[in-house]
Amino acid sequence: MTDFVAALGQRTLFGLQGVGRAVLLMARLLAGVPAALRRPRLIIEQVYAVGVLSMVIIVVSSLFVGMVLALQGYYTLVDFGAAESVGTLVALSLVRELGPVVTALLFAGRAGSSLTAEVGLMKATEQLSSMEMMAVDPEKRILVPRFIASFVSVPLLAAVFSAVGVLGGYLVAVGMIGIDAGSFWSNMQASVTVRDDILNGVIKSVAFGFVAGWIALHKGYEAEPTSLGVSRATTMGVVHASLVVLGLDFLLTALMFD
Amino acid sequence: MASQRTIEIWVGVFVAAGLAALMVLALQIAGLTELRQPPGYQVTAYFDNVGGLREKAPVNMAGVRVGRVETIELDTESYQARVVLRIDERYNRIPNDTAAAIYTAGLLGEQYVGLEAGWDDEPLAAGGRIGDTQSAVVLERIIGQFLTGMGD
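Keeping their order, the protein sequence lines are chains A and B.
First residue of the first sequence? That's 1 in the numbering used here, and the numbers climb one at a time after it.
First residue of the second sequence? That's 1 in the numbering used here, and the numbers climb one at a time after it.
It should be emphasised that the hints constitute simulated quantities derived from the structure, not laboratory data.
Mixed in with the good hints, there may be bad ones.
Listed next, the stretches of chain B that the computed footprint assigns to chain A, with coverage defined by at least 3 CB atoms under 8 Å from CB atoms of chain A [as the list claims (entries may be wrong)]: (1) 4-14; (2) 21-27.
Cut-off 20 Å, straight-line C-alpha distance, at most; resulting in silico cross-link-like pairs (SDA-like, lysine to any residue) [as the list claims (entries may be wrong)]: (3) Lys140(A) x Leu105(A); (4) Lys56(B) x Ser186(A); (5) Lys140(A) x Glu126(A); (6) Lys56(B) x Lys140(A); (7) Lys140(A) x Pro34(A); (8) Lys56(B) x Leu42(A); (9) Lys56(B) x Gln189(A); (10) Lys56(B) x Pro34(A); (11) Lys140(A) x Met256(A); (12) Lys56(B) x Arg195(A); (13) Lys56(B) x Val33(A); (14) Lys56(B) x Met256(A); (15) Lys56(B) x Tyr46(B); (16) Lys140(A) x Val33(A); (17) Lys56(B) x Val194(A); (18) Lys140(A) x Leu42(A); (19) Lys56(B) x Asn187(A); (20) Lys56(B) x Gly81(A).
Built from N, CA and C at the ideal position, the CB exists for glycine as well.
Please model the entire structure based on the sequences and the hints provided.
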């Protein structure tokens, strides 16, 4: 019995330690941002790796998400004689929720996993230790540019997601269902606002990029330096980043749209 | 791995695409409603009850949108609702004795302010007041009146 209680306590303490190390890492990453901005080349390389290479998956998935939203929204709204509001439904769902959230989830899967694996492997092959040996701080040289690239890329990707998603909704609503293009746009423009909807969506996506990059890097940096450890860290990185993004989304939504 | 120059070009394209998408969101999807506010003037109307009227609700005249509701607040002198309407500049020839009423679009739709033009030659001035107002129809009150009327 005492063994069980002790095991529970040990696990709790271990978990808390992990959270504490993650928060300390975030503080160091943030502290390293100003210095890293003076070497933009490293950041540009990482924006290419996590942002540009994620464009294809973002564009393709947002097109389909927008098309499905328009179809499903139409089936429901047509019963209430409000089929013209399908543009409003598509735009508000995308700009407020799906754009930032789905982008962050895809980013965690597509780019976050590769960040974790890359950093974990660098640790397993002792590249990080050899950098330290050469008096190069691996956190500033490796982690910070990747962190900056994450929270720069995710808002841009989310904006592309929302815009292409609305285009997908337009194609289905106007092209397939035959809703008047004028009322599609005017209904949308009457109810979407720059400050309440679009700006809040951008704030959300910056926060998500921040969290996704931070968790991915933390998991990689803390990975056990074995092949099993790296693979486990990669899985946990994606799982934890997705969960935190969804939880944070609820929190931010409750604060923003009260 | 692509060369440094190609990477830089692609990142530039990526950032430009992201910013362009933001512009599309602001201009095409939101219609930039706050920033592209048409020039207009304010008039005030006092209502006994605004019902479910909200700020930014449309102001219509003969079914045509001529402005929107700017603020709604309680006037602590008369205990009426003080509603400030913003009428577009091009509709500056609205008669002085125009009447305002709060209607509901459809049975369950959004509430809006409907203006009924009067006969006065004098136009409603900026900062002027609409005297003739009619409150929102509150469904519960009508049902209540109907039920007490049934009891007699």
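### Message
Tell me the numbers of any earlier hints that the structure contravenes, in ascending order.
### Response
3, 6, 8, 10, 11, 13, 20
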